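Participant: What follows is the residue order along each chain.
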Amino acid sequence: MSTRLTSGGRLLNKSKQVSFSFNGKKLTGYEGDTLASALLANDQMLMGRSFKYHRPRGVVASGAEEPNALVNLGAGGKFEPNQRATTTELYDGLSATSQNHWPSLEFDVGVANNYAARFLPAGFYYKTFMAPRAAWKHVFEPIVRQSAGLGKAPKDRDADRYEHYYAFFDVVVVGGGVAGLQAAKAAGQAGAKVLLMEQTAHWGGRAPVDGGEIDGKSAEDFVNATVAELNAMDNVTIRSRMMGAGVYDHGYMLGYERLTDHAPAVAGPRHRLWRIRAKQIVTATGAIERPLSFAGNDIPGVMLASAVRDYSVNFGVSSGDRTVVVTNNDDAYRTAIALKNAGLEVPVILDARATGGGALADEAKALGIRVENGKAIAKVKGGKRVTGVAICAQAGEGAVLEEIMCDAVAMSGGWSPVVHLWSHCGGKLIWDETQAHFRPDPDRAPTSHDGNGFVVTAGTASGPLLTGDVLADAQSAGIAVAKAAGFDGAAGAAPSAEAQAEAGMEPVWLMPQGAGPKLRMKAWLDYQNDVKVSDVKLAAQEGYESVEHTKRYTTLGMATDQGKLSNINGLAVLSDALNQPIPATGTTTFRPPYTPISMGSIAGEARDEAFQPLRRTPIHDWHEANGAFFEPVGQWRRPYCFPRGSESHADAVTREINQTRKSVGLLDASTLGKIIVKGPDAGKFLDMMYTNMMSTLKPGKCRYGLMCNENGFLIDDGVVARIDEDTFLCHTTTGGAERIHGWMEDWLQCEWWDWEVFTANVTEQYAQIAVVGPNARKVIEKLGGEMDVSKEGLAFMSWKDGKIGDFDARAYRISFSGELSYEIAVPASQGRAFWDALLAAGEEFGIMPYGTEALHVMRAEKGFIMIGDETDGTIIPQDLNMQWAISKKKEDFLGKRAQLRDHMASPDRWKLAGFETVDGSVIPDGSYIVASGSNANNQRNVQGRVTSTYYSPTLDRGIAMGLLHNALDRMGEVVEFNKVDGSTVKAKVVDPVFYDKDGEKQNV
Amino acid sequence: MSKAVSALSGAKFAGFATVTETGLRGMITVRGDLASKEMAAAVKSATGAGVPDQRKVSVGDKGKVAWMSPDELLVVVEYATVLDTVATLTTALAGSHALVANVSDARAVFEISGEGSRDALAKLAPVDLSKSAFAPDEIRRTRIAQVPAAFWQTGDSCFEVICFRSVAQYVFDVLRLSVTNGGEVHHLV
Amino acid sequence: MLTLQCPYCGVWAEETELHAEGEAHLKRFGPGSSDDEFESYLFMRENPKGVHFERWRHSNGCGKFFHAARSTTTLEVFGTYSAQTLEPPQDIKDKISAKYPNWSWRDFS
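Residue numbers (the numbering used here), protein chains in the order written: chain A, 54 to 1057; chain B, 19 to 207; chain C, 627 to 735.
Since the hints were made in silico from the structure, they are not lab data.
All values derive from a computational prediction rather than experimental measurement.
Please note that a few of the clues may not be correct.
What the hints assert, rightly or not - 16 angstroms max Cα-Cα, derived EDC-like pairs, lysine to aspartate or glutamate: (1) B:Lys149 - A:Asp287; (2) C:Lys653 - A:Glu763; (3) A:Lys737 - A:Glu684; (4) A:Lys1039 - A:Asp1051; (5) A:Lys949 - C:Glu665; (6) C:Lys725 - A:Glu194; (7) B:Lys21 - A:Asp889; (8) C:Lys721 - A:Glu273; (9) B:Lys21 - A:Glu763; (10) B:Lys21 - A:Asp861; (11) C:Lys653 - A:Glu804; (12) A:Lys949 - C:Glu663; (13) C:Lys719 - A:Asp503; (14) C:Lys653 - A:Asp799; (15) A:Lys949 - C:Asp661.
Said to hold, decoys possible - Chain A side only, calculated, beta carbon under 8 angstroms to chain C, not exhaustive: (16) His303; (17) Gly504; (18) Glu798; (19) Asp799; (20) Trp806; (21) Ser940; (22) Glu944; (23) Asp945; (24) Lys949; (25) Arg950.
Don't be surprised by glycine CBs; every beta carbon is placed ideally from N, CA and C.
So here's chain A without its partners, still in its complex pose:
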């Protein structure tokens, strides 16, 4: 059994007991425990079930590489699935449940898959679920959904908050082991501004566990002294519980800081995502131990040798009473020695190397531990827990020599440097024959904006595994990055460390070497996704030669741990099956983040009210207080209508239109873009921007204009007012102000930079209110002020500055509704006051605000086009019969050349017309006008489509605008629009101006 020891536990505060629950069971641990160590201390080795076969799974590692011990953590708004027990710090009240089992962890029905494992090999899903198609929905999908998946999806809103933080450093060091500490110190001493981050809560990495002396001190003392030194340096920042999540272009990197995961009761953000720019990055990310592939290596109790050591030394936890150690290198002997010293039994060390180990092996033997060289595990015995191992010769096919009772197995297949961050941005790897691992190739580092490398590795992340080498490597890395960042102050000397000679490791990719199919089927590579040696062999046999294809076919390395344990073993097996050297197979791509980071941290502040900016006009609060129903227009919110009481939206729109046409209405038009264009060449410039002639406009007058892009297609429209000889004010559509301002600046800065024109976007300087309807003039006159707004004083299509009431106003006599209409601009800070004043003055006329839908219907009744309705990015003004707005005198304007192209000038282009339904109904949005016959895809031919369609309260019938082939020659003809139900609606082709064709009402 696994249990708490009386000795050991360097990270624990044994004076502080912490209570928590697992699957509802109340348990206790100590402050400083991880959830994994606390569960082990309570003899809870079984922590989950695998993804595919629902096999029992125990913890196998002690850190970020853990594939098995995933739990649902917390409840309600704090619930989060797939949390690694090994990186979850224990806190009082923690509540975890195991995943991927039903009905319980101990008894799981889904384990039936396990007995059918022979029938669920790699590619099973691809091969099985191909046909019949209908079976997917009713048979396969429900089964897969029932059995697949890890943790549960959260049901409640995330109760925590998250944030980003932008930070800038000369040097960022990732990894707080002795290498990272030393590299940070060297770079800091050289004068660089340094950030050192460590993903766990503790500094020092493996060194304090592995022992040894540095500079004559214990590793632990060296770590504490160095941390104190770094803390004292003003130019060095050190942060624990912060993971280097990813390295990106030009020195960008993400640091994932977990602020309150270990103390959820503390107020403040849960995670902070540091968005860092670093001139240079040091990855001192250490190495990860590899499992060995032998039959039964997934049975709970089989663990990495380093993890067994960690649990014993760091947390005072024994993983078992009797632990068999199996290895192909010297490091695992440290585990045997540590266990023996803790008073635990190590019945045997199985060393796959025929020649055995070095000094550490001698030390183990001296402690009385039995060591068997050239031996291997034929098979682990046990179900939910290891009960023993069968021993065989590594060189053979697995004939059992002896069986030994044990309840834990500590395995070591060698160490692989953590190359993820090095590789994220293109750092290349080389295969190291001696250590049988891929390590970073220092000559092919990722490069930054200046073409030079910006990532350097330090310590075991570089490949060297002995403490002395590690510190020297870290020292030179620290000095090198500081120099590359422009700092060459004197760094101290590298600390010295006793170097214990180790015998070389020997690669072991399968145990025993000649294991047959039966054993290979039980030799796991990827614990979480249930990928075995036999699956990779099958993939190779079926032609999946690329490592990327094999990964996807077998799901090797696709689990939440992204193959941190399984990748190298898997591609070694693949290489063997393909009979090629490992470097020829290569690795899969390392992509950020290093371990999963929370969605909340990626969103940062962007949620709820800050999810995206909402633009508000100066009158927005009034709209909100008066029941406006809003619609998004770009980032603005504009009132769609103002329903009263239980009134429907449609009824509100009808009321608003009727009242406006009959008496007077108000529209908040503040969102319309307003751009000042000024300079001696302003007229010439606007002649290029607009299809119309703008340079001939007289000061004091307004002109409606169209803008096209160089493809000839309409991009915007609006009214231009000439303010004085040199100055124009251009109105754009609501969504268009920034885009059109940028468009103007583009041409001025990049094409006609010798033209004397300045622009300024003054959209938000003004609140603009349209006063519309036969009584509009009376309302304005009632406000008083000096401005003459009579027919003569302010003629249609002219503008004027002056006082309306005591407001400084600019009034434009323009109309988008066909009624007598004034658009009045006042300073934004007085917009609300002006709105209130108009409402008060208009009371006797029954004045009421109207929304965008009423605006749309009224303009459609008048046959006015709307950018985005009548246009969709493929429409030229000629399609809309707007030749009147295209100057024939101008030699050039944007879009002119394009409109001369064959296809643009074709008589077959669909043209704008109005449509009146025969039965008075409203044509559905998006309808096509069907033609006879059908196309190659058996769809009905079409000859046009609707662009705007509304119920017109003024005409009490459905009206529409649309594009139709040869429309102008087909007035009076009846065409058919399709409907979703397959039927059609008949409509007569008519002139698109439905209301006041002569324009008498707007010009009174």
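Using the hints, position chains B and C against chain A.
Facilitator: Positioned in the frame of chain A, the structure of chains B and C alone reads:
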């Protein structure tokens, strides 16, 4: 002018730093030849300050002037005097190719003050706000979360942020979240 | 996420402060141009693996458009320069030549 109101009527939030909407401010966009004698004279007479260098703010007795781009300045004065200042600038630049536009009402201004103000701003803007990188007389045009903004320092741990009026509530909200207690970073001091 | 120095305001801006504006040094063809010229102006774009010239706008900043010369494969930036020019400055071309002696891009080399 009594009916003139700023976007958020002086909204305020105190966390580990304090965010305050400062109320209406006179702001004028001036575009023209920044190297010309006319520009220097116009700016001088309007504010008492000189034409600032690239990304700098110059301060005079009547207001300050910020460098916005190679051909654009932002003149900042008291709101009550902005129309007079517009007239002064317009007259002074009448003979040159220049543009003077009152943009006071198109903007909102926030002050962030307190020891954590640098950290609060660094949560939202991709800018190095360390003392060694961000000068006391500098203006930085950038973004605050998802909207364009500009800021400058008015004291050692005091910044002013300028944004468009329509997004004042959004900017206030993100600043408020940024200074909420518990979110102290203790990095930039 | 790349960074470019805006040649107008001097800021080292990150990508979120910038807006990509397509290929640099396009010659505009208007009325009077042939169909081939106009087609080439509107639609024909370089898509090199390596040295490329682009337009960017410092949109969350000073608002100016500028040019950048960079490698599309390594993201090395050879320089940024004014939008008011018809070709890249010599010092930037020299810098590219030092790295890629035989480079060419449209009419430049």
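Participant: Each hint should be assessed against the structure and marked as holding or not.
Facilitator: Against the structure, the hints:
no.: 1; hint: B:Lys149 - A:Asp287; result: 13 angstroms, holds
no.: 2; hint: C:Lys653 - A:Glu763; result: 13 angstroms, holds
no.: 3; hint: A:Lys737 - A:Glu684; result: 38 angstroms, violated
no.: 4; hint: A:Lys1039 - A:Asp1051; result: 27 angstroms, violated
no.: 5; hint: A:Lys949 - C:Glu665; result: 14 angstroms, holds
no.: 6; hint: C:Lys725 - A:Glu194; result: 55 angstroms, violated
no.: 7; hint: B:Lys21 - A:Asp889; result: 11 angstroms, holds
no.: 8; hint: C:Lys721 - A:Glu273; result: 50 angstroms, violated
no.: 9; hint: B:Lys21 - A:Glu763; result: 45 angstroms, violated
no.: 10; hint: B:Lys21 - A:Asp861; result: 12 angstroms, holds
no.: 11; hint: C:Lys653 - A:Glu804; result: 9 angstroms, holds
no.: 12; hint: A:Lys949 - C:Glu663; result: 15 angstroms, holds
no.: 13; hint: C:Lys719 - A:Asp503; result: 15 angstroms, holds
no.: 14; hint: C:Lys653 - A:Asp799; result: 14 angstroms, holds
no.: 15; hint: A:Lys949 - C:Asp661; result: 13 angstroms, holds
no.: 16; hint: His303; result: 5 angstroms, holds
no.: 17; hint: Gly504; result: 4 angstroms, holds
no.: 18; hint: Glu798; result: 7 angstroms, holds
no.: 19; hint: Asp799; result: 6 angstroms, holds
no.: 20; hint: Trp806; result: 4 angstroms, holds
no.: 21; hint: Ser940; result: 12 angstroms, violated
no.: 22; hint: Glu944; result: 6 angstroms, holds
no.: 23; hint: Asp945; result: 5 angstroms, holds
no.: 24; hint: Lys949; result: 5 angstroms, holds
no.: 25; hint: Arg950; result: 5 angstroms, holds
Checked against the numbered hints above, the structure breaks hints 3, 4, 6, 8, 9, 21 and satisfies the rest.
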